[in-house]
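J.: Residue numbers (the working numbering), protein chains in the order written: chain B, 1 to 301; chain R, 1 to 232.
If you're looking for bench data, these hints aren't it; they were derived computationally from the structure.
Note that the structure is a prediction, hence the values are computed from the model and not measured.
A virtual CB, placed ideally from N, CA and C, is assigned to each residue, including glycine.
It is possible that part of the hints are untrue.
Stated by the list, open to error - Examples of chain B residues toward chain R, derived with CB under 7 Å: (1) Ile172; (2) Ala176; (3) Glu179; (4) Asn180; (5) Asp182; (6) Met183; (7) Ser185; (8) Ala186; (9) Leu187; (10) Gly188; (11) Ile189; (12) Asp190.
As the list claims (entries may be wrong) - Think about it this way: if two alpha-carbon atoms lie no more than 25 Å apart in a straight line, the pair counts; the simulated SDA-like pairs of lysine to any residue are: (13) R:Lys74 <-> B:Pro97; (14) B:Lys193 <-> R:Val67; (15) R:Lys6 <-> R:His18.
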Amino acid sequence: MSVFLSITFSGVALGAIYFLAASGLSLIYGLMDILNFAHGLFMTLGAYAGWAVAVHLPSSIGAPGLFALSVVAAVLGGALAAGITEVLFIRPLYGRPVSQILVTIGLDLAVVGLLLGGFGSNSVRIPVPLWLIEATKVGSANLPNVDFLAIALGLAVLFSLEWFLRRTRYGIIIRAGVENRDMVSALGIDVGKAFTLVFVIGGAMAGLAGLLYAVVFSGDLVSPLQGDSLLIFAFIVVVIGGLGSIRGSALAALIVGFVQDYTNLYLGGHSGFAEVGNLSVVLLLALVLEWRPRGLMGSVA
Amino acid sequence: MKSALKVTDLQVAIEGSHILQGVTFEVPVGGVTALLGRNGVGKTTTLRAILGLVPRSGAVQVLDHDVIEWPTFKIVRLGVGYVPEDRDVFSALSVEENLRLAESGPDARYNDIYQLFPELKERARQRAGTLSGGQQQMISIARAMLNGWPLLLVDEPSKGLAPRLVSEFADVLERVAQHATVLLVEQNLSVVKRLAKDIVVLDHGTVVHTGSARDLGDAQLVRQLLGVAGVA
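Next comes chain B alone, as it looks inside the complex (with noise of 0.2 Å):
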């Protein structure tokens, strides 16, 4: 029973990550239709941020306080990071789907190869306060406090990404563009600002999945080609969820997190088995597009 209860527990926090790092992806190519790339590279930059303000900072500011300080840090690079490559890199190319896709894989491939030539492959560590290394009883089973954060996290963010998109006005700008941008444009709004603004919230969302990802699978550690592992999951939970589907993410991330831990449970441990965990992702991913192509929550295929 507290195999289960742990396995589940930490589906579901890697469920959250998993969310964290697709939404943003999700929205991306549901108003924009550009598969963003970079959106990995957000992930490493935000928890780089994070990391850069655990160790600058002054350490009488405490270890929870510092943390907190990571987390916002993380927040605020990735949106930083999403809003530059917006306005430089994507805004000169409006209407040029091809060259916007390009422009991200060679701004991940650059960016990434000088965090490698400064860093080396090394991992760098992000302090953390003790209680996050802790764990909670919970009935027989000993659950990880950092899960419980990125459970937290997770859901606060779903929570109020909701929010935002169902009750202001840009949020219902950014809904109805998903379905019809020419339309939008058509009533007098500028798509544009709508544009910069989700890849400032899916930067935002990255960069908290690229610090929260290190601190609760990597032992705290941060290394230049971590985003770009996580994209590969945030590409299947987006299109598994649907295009453009925040709700649908965050079920197919849920699920995807499941199938990934229990099958590392009842496979993972046999010899030559080590993967099994993300093979059983892509062949989710196939019968999903096989029994419902345009995802689970989708419009589009």
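Chain B is already provided as a structure; the job is to place chain R on it using the hints.
T.: Okay, now just chain R, sitting in the frame of chain B:
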């Protein structure tokens, strides 16, 4: 201002197809001008090109502004309402949200809209995608009228609607035209004859006739220009 809209040598080529080949016409201020022509001659493309929704060249003057280089949202903010051919309501949004998107300021005329279309108030929370074609057309027209703008581009409002609804929408457009200039694309000649003051006829991407709507009384001309029998 003599013309609400002036189009000169408008050219549109999409994917190698030269759809508009130098369209030139003017829409005088006030009343309804009908843009007519057989299927596929470029009527919808003309409206979309005026709004900058397709790449185009030539000159477009909207409410005395040269807008050929302008983005769509800026042209619309001059005071242009647009009712697209397929209504293009946002199906995942509620009726209320569809209207809210069209608001350009605090003076949105919700009272007028709800007086004309009481159903939109009753169904404010309903998802637009679940409405009938007629109700979706109400949203589409309401969005264009909400700000009381001086120029409306209306593309086939009667398409796919029951005859009773066609007549009701014609009533609405008649009322709108008392305060605004309307460029109307319409296949239903009885609606055109009822509403339009002037007509512009397109064929093969160019203007082949401009004149009074009274010209539609000439059955031979109608057959020659539109390929259909005239309507008494």
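J.: If any of the earlier hints don't hold here, list their numbers in rising order.
T.: none
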